[in-house]
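Peer 1: Below are the chains, spelled out letter by letter.
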Amino acid sequence: MISEFALTQLFAELPEHAILTDQYQKEPFESDAYTVKKELPGVVVLAESVGHVRSVLRVCNECDIPLVTRGAGTGLSGGARPHREGVLLVLSKLNNILEVDPLACTATVEPGTTNLSISEVAKEHGLFYAPDPSSQIACSIGGNVAENAGGVHCLKYGLTLHNVVGLTVLTIEGDELVFGGKTYDWEGYDFLALMVGSEGMLGVVTEITVKLLPIPAVRHVLLGGFDDVEIAGNCVAGIIAAGVIPGGLEMMDELAVRAAEEFAEVGYPKDAKAVLLCELDGTEEEVTSTTDKVAEVMKQYDASVIELATDPEQCERLWLGRKVAFPAAGRMASDFYCMDGSIPRYQIGPVLKAIAGMSQRYNLGVMNVFHAGDGNLHPLILYDASDKKQRAGAEEFGAEILEHCIRVGGTITGEHGVGVEKIDQMCSQFSLAEIEQFHRIRNVFDVNRNMNPGKAIPTLARCSELGGMHIHKGQMPFPELSRF
Amino acid sequence: MVNDSSPLQDAVNTALEQKQPLRIAGEGSKSFLYSGDKTVPLLATSDHKGVIEYRPEELVISVRAGTKLSELRDITAEHGQMWACDPPLFDGRGTVGGAIASGWCGPGRPWYGTVRDSLLGVEMVNGYGEILKFGGKVIKNVAGFDVARLLGGSQGTLGVLLSASLKLLPAPEYTRSIATSLNSQECTSLISQYTRKTSTLSGTCYFDGKLYLRFTGVAAAVDQDMKAFESNDEIDPQFWHKLRDHTLPFFADDKALWRVSLSRNSLAHSENTDELEEVLVEWNGSLLWCKTQNSMPPTISIKPHAIRSFRNIKHETSQSSKYAHRLKHAFDPQEIFNPGVVL
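Residue numbers (numbering that gives the first Met the number 0), protein chains in the order written: chain A, 0 to 483; chain B, 0 to 342.
Please note that a few of the clues may not be correct.
Derived pair list, reagent style DSS-like, types lysine-lysine, alpha-carbon separation capped at 25 Å [unchecked claim]:
1) B:Lys196 / B:Lys209
2) B:Lys196 / A:Lys292
3) A:Lys298 / A:Lys272
4) B:Lys209 / A:Lys122
5) A:Lys155 / B:Lys196
Just some of the chain B residues that point at chain A, by a computed CB distance under 10 Å [unchecked claim]:
6) Trp103
7) Pro109
8) Val146
9) Leu168
10) Arg195
11) Ser198
12) His245
13) Thr246
14) Phe249
15) Phe250
16) Lys254
17) Ala255
18) Glu277
Bear in mind the hints are in silico, worked out from the structure with no lab data behind them.
This one's a predicted model, so the numbers in the text were calculated from it and none came from an experiment.
Ideal placement from N, C-alpha and C gives every residue a C-beta, glycine not left out.
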């Protein structure tokens with residue numbers, strides 16, 4: 000519950016309709032798209048202006064209560080899971096596109112703007128915004144910044160980090176900070192890089208300037224079917240090694256292909272053990288040349304089927320199967336748990352094999368559909384949430400996949416963020432000294448730790464409980480540090 | 000070649016014990032840019048060099064901070080790859096650590112991104128004497144705050160960089176460059192056409208009434224783009240390296256040199272540049288190099304802009320913001336790294 004005092008302060012500063020206090024009003028906000036762990040927020044504020052954001056920050060700071068910021072709520076790691084004693088600040092209504100500057104190739108938008116709507120507006124100038132998380136129709140750009148969201152086209156065009164050029168941020172102390180802008184460089188620390196992917200723990204972003212790119216003149220999609228998952232994985236590394244950076248390079252395993260076919264009948268080779276989808280874009284000459292190169296590599300890796308789509312309709316058809324993979328997984332099992340480990344490309348084959356082994360051990364199905372070109376895995380663990388044993392098994396299975404990713408030189412999250420979901424694995428990936436450095440950075444902006452508490456960066460105590468802390472002769476390491 | 004990072008960690012710990020600040024440097028190729036206290040002892044990272052791991056098929060290389068940029072270039076070129084942000088080598092002694100600390104990139108910046116864009120992971124010693132690793136060797140990684148990229152351009156104020164993992168790109172198979180005589184109005188219109196269409200353009204430079212253009216990529220695509228310039232003089236692509244390393248005649252004097260950042264694509268108009276003694280324009284019109292006879296900053300009427308002193312100008316001390324000051328202290332509470340350098 001939130002204190003009466005804090006509520007009174009909010010009502011004094013904000014219009015009544017912007018504040019939701021009744022349980023039935025708050026329930027839709029009890030989780031983001033990571034629905035495993037839910038919590039009813041103390042109070043929900045639907046901000047309608049930057050002034051409202053300022054007010055909420057001031058109240059949270061003065062009353063020393065938690066603040067969780069949320070956009071569309073499509074996040075997959077629980078980064079926007081509310082706090083029962085705090086404020087959930089929803090920015091969806093701050094969705095104005097403030098400026099499209101075709102000369103500078105930038106757009107300046109409010110955080111609640113949906114990802115896709117930026118490209119829709121930029122289209123009339125022949126431009127687009129490249130990062131395209133699969134939820135792009137609904138997800139908001141503020142959340143993309145908070146999580147450093149990725150997508151299919153990040154292989155060639157970069158992550159959110161590479162495509163955001165300016166940010167306006169309000170800190171919990173009430174300062175408005177402007178980082179970056181329309182110039183190609185700026186003085187001072189790269190706070191912009193620090194803010195992107197900081198999971199709402201350092202400030203609230205109120206304005207975002209993104210880079211726009213020319214819409215490619217030509218786009219081809221090549222489909223390759225393979226009789227062996229590991230060989231398909233090696234083909235991914237082969238394409239990159241041939242000097243080609245495709246617009247997108249995605250892989251689907253046998254189960255994913257079957258699910259997609261049953262769902263949408265796009266004409267994928269049903270008997271293939273793995274399918275690669277490779278998008279090539281650029282000028283006509285460029286695309287013709289790279290298409291030949293990729294087809295040649297696919298042949299070298301014994302692709303059993305190679306199909307080339309050159310007109311927009313055919314390309315869309317080949318992409319459709321990939322796009323429906325998640326809903327198609329929903330038909331394979333009552334629930335699925337989407338993982339997000341990232342690994343070096345040369346490990347794709349061996350890691351998929353290891354995951355198949357785990358799948359047998361946990362007796363739970365797994366479907367792989369992922370950004371192969373980036374080495375960003377998305378194993379979908381199929382389970383039944385109403386079965387307690389299966390639910391626990393799915394979580395354990397997921398954790399084991401992440402630990403395996405760390406072991407082969409990868410990371411626990413490629414693009415979904417840590418949130419609450421992967422906070423324990425942070426203790427495996429980072430040393431205590433590194434975690435402590437993260438906390439010091441957090442203190443730069445939020446010394447009272449009210450911004451999105453309990454997310455992204457585990458406390459030292461938590462890592463200690465998980466066995467990450469080595470206690471030597473009964474002495475705690477770093478005795479001078481406070482434990483929180 | 001020193002493979003062990005402990006001498007650098009030891010040096011930091013000794014400095015902490017003795018409360019003796021340090022000035023971090025690689026080979027000193029950018030020492031003219033150093034704005035801090037030059038009287039403090041030097042901590043040289045130049046011996047901490049060499050490739051730790053290079054997997055060409057991953058497009059990732061991990062190198063120690065003291066590795067020379069020229070060595071990195073040669074090793075990656077053997078596999079048809081490059082560190083695309085193309086930092087200046089200046090007198091040829093530039094190191095990877097120095098490139099990251101300065102955050103400087105070459106003429107391809109608008110197309111290839113910055114130093115930090117390609118920085119996947121780092122290993123460093125902070126001001127507590129601890130060796131820390133952030134980021135990694137994979138392309139996508141959002142675990143924890145992005146400390147690796149925060150170090151880009153931090154001028155050695157947050158710690159001693161030990162090693163870095165860098166994202167590489169395939170080197171273009173083909174490059175052609177031309178020079179064409181145009182006035183600045185014609186330049187503006189030509190360049191703005193290119194920013195809104197797919198092309199192989201990857202470098203622009205304007206000075207002395209001439210526009211220099213570089214096209215890189217697939218041969219057929221480059222040739223197609225070059226058709227519009229058939230009547231113009233083709234130039235040696237070495238021009239771009241000279242531009243990057245400031246060995247063009249434009250840079251060869253003792254005049255005060257200023258670096259001016261403008262908003263994207265706002266190429267300097269002639270009426271604005273007339274007031275300047277001499278100017279060279281890069282990055283699609285967004286980066287100006289201005290020379291002045293006395294040490295007074297140039298007058299620029301295009302807004303917004305940021306003017307920075309570069310060479311042959313006395314550095315002025317500035318005040319850091321509240322958050323920059325706190326960030327420095329989060330990494331270096333005793334202020335032992337590069338005292339006097341303020342960001």
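Peer 1: State for each hint whether it applies.
Peer 2: Verification of the supplied hints:
Our distance criterion of 25 Å between C-alpha atoms is met by Lys196 of chain B and Lys209 of chain B, whose separation comes to about 23 Å. Restraint check: the Cα-Cα separation between Lys196 of chain B and Lys292 of chain A comes to about 24 Å, which is no more than 25 Å; the hinted pair holds. With a C-alpha separation of about 16 Å, the suggested pairing of Lys298 of chain A with Lys272 of chain A holds against the 25 Å cut-off. Taking the CA atoms of Lys209 of chain B and Lys122 of chain A, the gap is near 33 Å; set against the 25 Å cutoff, the hint is violated.
Restraint check for Lys155 of chain A and Lys196 of chain B: satisfied, since their Cα atoms lie roughly 17 Å apart, inside the 25 Å limit. Among the interface hints, the one on Trp103 of chain B holds; its C-beta lies about 9 Å from the nearest C-beta in chain A, closer than the 10 Å criterion. Because the closest C-beta pair between Pro109 of chain B and chain A is about 6 Å apart, less than 10 Å, the hint holds. Checking Val146 of chain B against chain A by beta carbon gives a least distance of about 7 Å; that is within 10 Å, so the hint holds.
Annotation: Leu168 of chain B was flagged as interfacial toward chain A, and the flag holds, the nearest CB pair being 7 Å apart, inside 10 Å. Hint on Arg195 of chain B holds. Least Cβ distance to chain A is approximately 5 Å, under the 10 Å limit. Residue-level restraint check for Ser198 of chain B holds (minimum Cβ-Cβ distance to chain A is 7 Å; threshold 10 Å). Of the supplied interface hints, the one on His245 of chain B is violated, with its beta-carbon coming no nearer than about 16 Å to a beta-carbon of chain A, more than 10 Å.
Checking Thr246 of chain B against chain A by beta carbon gives a least distance of about 21 Å; that is not within 10 Å, so the hint is violated. About 20 Å separates the beta-carbon of Phe249 of chain B from the nearest beta-carbon of chain A, more than 10 Å, and the hint is not met. Against a cut-off of 10 Å between C-beta atoms, the interface hint on Phe250 of chain B is violated, since the closest Cβ of chain A lies about 19 Å away. Because the smallest distance between the Cβ of Lys254 of chain B and any Cβ of chain A comes to about 22 Å, over 10 Å, the interface hint for this residue is violated.
Taken as an interface hint, Ala255 of chain B does not check out: its beta carbon lies about 18 Å from the nearest beta carbon of chain A, beyond 10 Å. About 21 Å separates the beta-carbon of Glu277 of chain B from the nearest beta-carbon of chain A, more than 10 Å, and the hint is not met.
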